[in-house]
Amino acid sequence: MADKFWLDKEAFLKIAETSGLDTADRHMDELYAFVQQMLSNLKDIEDLNLEGMEPFMPALPAKEGSR
Amino acid sequence: MTSPELCFLSAAQIGRLFQKKELSPFEVTEAHLKRMELLEPALNSFITVLADQALAAAREAEQEILAGRYRGPLHGVPLGLKDLYCTKGIKTTSGSKLFDAFTPAFDSTVAARLKAAGTILLGKLNMHPLAYGPTGENGEYGDMHNPWNPALIAGGSSGGCGSAAASSECTLTMGSDTGGSIRIPSALCGLVGFKPTYGRLSRYGLTPLAWSQDHAGPIVRTVEDCALVMNAAAGYDPEDPTSLDVAVPDYTRCLTGEMKGLRVGVPREYLDVPLDSQVKTIVWKAIGRLSDLGAIISDVSWPIYRYCTAIASAIQMAEATAYHSQLIRTHGSRIYPPVRLRLEAGFFLSASDYVQAQRARSLFYRESLNLFKEVDLLAGPTVPVTALKIGTTRVNVGDKTSGVIGLLTQYTRPFNLNGFPAITVPCGFSDAGLPIGLQLAGRPLEDETVLRAAYAYEQSTDWHLRRPPLGIQA
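If you read the sequences in order, they're chains A and B.
Residue numbers for the first sequence follow our numbering, beginning at 53 and rising by one.
Residue numbers for the second sequence follow our numbering, beginning at -10 and rising by one.
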């Protein structure tokens, strides 16, 4: 993997196999193209300044006991 | 009243007639079952029809009402549930033949509460397989068809809710929404679809797609019916770890017809994405109507909006793949191919991709709250196009070509990511006679403001009174 948003075919097949997918299935080429597209979409997130940001947790209001 | 006329009544209207004993649940249930018989060959809204059970329940409701044991405004009203709501003793497929033999031993909380309110369950509604798609196409149980033109999609993933409510096969339907699955079919079928604040309606007993973005909610024909459903179904549920333990208001009390002084923002970024020119004209005219009603309209900026799809998709894919991982490994080749592709792709996201997306989501949430310091509501289109031909995968809008999934969800997804309440109401029709929806979104737990504005708008128009041409005279 030279680029974190791009997978070479070999790495793709390795992850597919490790994940329990049937790498001999004929839809693997379609999946490969789809995965590349998905990974390239992640680049957008890298543009954001996430300094100080923790992973999202729903902000649940305090219990009112008024069910 | 003729049989179709009975089916066109809203739940609120039916309830009032039941209470006055001028109409019986049995008559109304029978009329809906007849209508389903007539329309199902064209629409395919249902996976399971519960005719005998519904008639028996209607007879029981009738006896209870006659005996003075009236349970409230939904007593005896016909209901359809998206087929991912677990229903005790009733097959629940999640739209996939892989679950064709799955019969839960319990009711989902929302199904149980609506049952306790006295609704009559007519059946389980068709859906995009595993709720993973916005079109309502289903290669296993058959596609759902739009009542305004059966060659077109009903939208998804709650497509059966859209086609059944718009065609008046059901008075009330309940869907679920992870990226727009309540609001998209509602907009494309000319309905009211409400995704409440995350945690307002229990998710217990609904097949998950992506836990942190899944919402339950009604798909109905009027805002008042939305409020009635919320009154019956909302409330804390210890079985759902994200259920909100806050008081439930009487949602009908906010339906005043008044929205004077409400500040409504229209994000200018909504124009940076593909938007059909007719949809734009009609939605902006509807926003003008909000102004006529006394709302203060302003142009606002929401720069992080453009990152929403990337953030929400990464989270959704990781969660959906995690939930279905065993199924993918053991029965992958039997999953509807477009859904299988998305599910398998989730294996290629890393833990750090997921966490980064959740950090970005925190930023998105914070910026959304900041935006709502300037306004009380956001307004815009629900869907940027009208219903598409079944089988469409890419669409030209203006000079841009877009994939269907991204296009249909571009305006709805932000409110799954931040969990804010959002509604779609019918706001007009295209030249081809297809419905268009106006989306209004509010601050978390201000569901009443959203319903109040939607009701005021709805009551100032007659779009919600229009019916698709199917079976009018039957």
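Derived from the structure by calculation, the hints contain no laboratory data.
Accuracy of the hints is not assured; some may be wrong.
[As the list claims (entries may be wrong)] Listed next, with one range per pair, are the computed distances between beta-carbon atoms:
| id | chain 1 | residue 1 | chain 2 | residue 2 | range |
| --- | --- | --- | --- | --- | --- |
| 1 | A | E103 | B | L358 | 58 to 64 Å |
| 2 | A | E103 | B | R252 | 28 to 34 Å |
| 3 | A | S71 | B | K362 | 49 to 55 Å |
| 4 | A | N101 | B | A31 | 36 to 42 Å |
| 5 | B | G246 | A | E98 | 44 to 50 Å |
| 6 | B | E(-6) | A | N101 | 47 to 53 Å |
| 7 | B | G131 | A | N101 | 45 to 51 Å |
| 8 | B | R295 | A | A63 | 25 to 31 Å |
| 9 | B | S280 | A | K61 | 51 to 57 Å |
| 10 | B | L260 | A | D77 | 50 to 56 Å |
| 11 | A | K61 | B | P238 | 19 to 25 Å |
Cβ atoms here follow ideal geometry from the backbone N, Cα and C, with glycine treated the same way.
Consistency of the hints with the structure:
At roughly 18 Å, the beta-carbon separation of E103 (chain A) and L358 (chain B) lies outside the given 58 to 64 Å, and the hint is violated. The hint said 28 to 34 Å for the Cβ distance between E103 (chain A) and R252 (chain B), and at roughly 31 Å that hint holds. Judged by the Cβ atoms, the range 49 to 55 Å given for S71 (chain A) and K362 (chain B) is violated: they are separated by roughly 44 Å. As the Cβ distance of N101 (chain A) to A31 (chain B) is approximately 52 Å, the hint placing it in 36 to 42 Å is violated.
Our hint of 44 to 50 Å for G246 (chain B) and E98 (chain A) holds, since their Cβ atoms are close to 47 Å apart. Separation of E(-6) (chain B) from N101 (chain A) is about 58 Å and departs from the stated range, judged on CB atoms against 47 to 53 Å. Between G131 (chain B) and N101 (chain A) the beta carbons are some 47 Å apart, a value that agrees with the proposed interval 45 to 51 Å. The hinted range of 25 to 31 Å is satisfied by R295 (chain B) and A63 (chain A), whose Cβ atoms lie roughly 30 Å apart.
Between S280 (chain B) and K61 (chain A) the beta carbon distance is about 56 Å. The supplied range of 51 to 57 Å therefore holds. In this structure the supplied range 50 to 56 Å is violated for L260 (chain B) paired with D77 (chain A), their Cβ-Cβ distance being about 42 Å. For the pair K61 (chain A) and P238 (chain B), the supplied restraint of 19 to 25 Å is violated, since their beta-carbon distance comes to about 56 Å.
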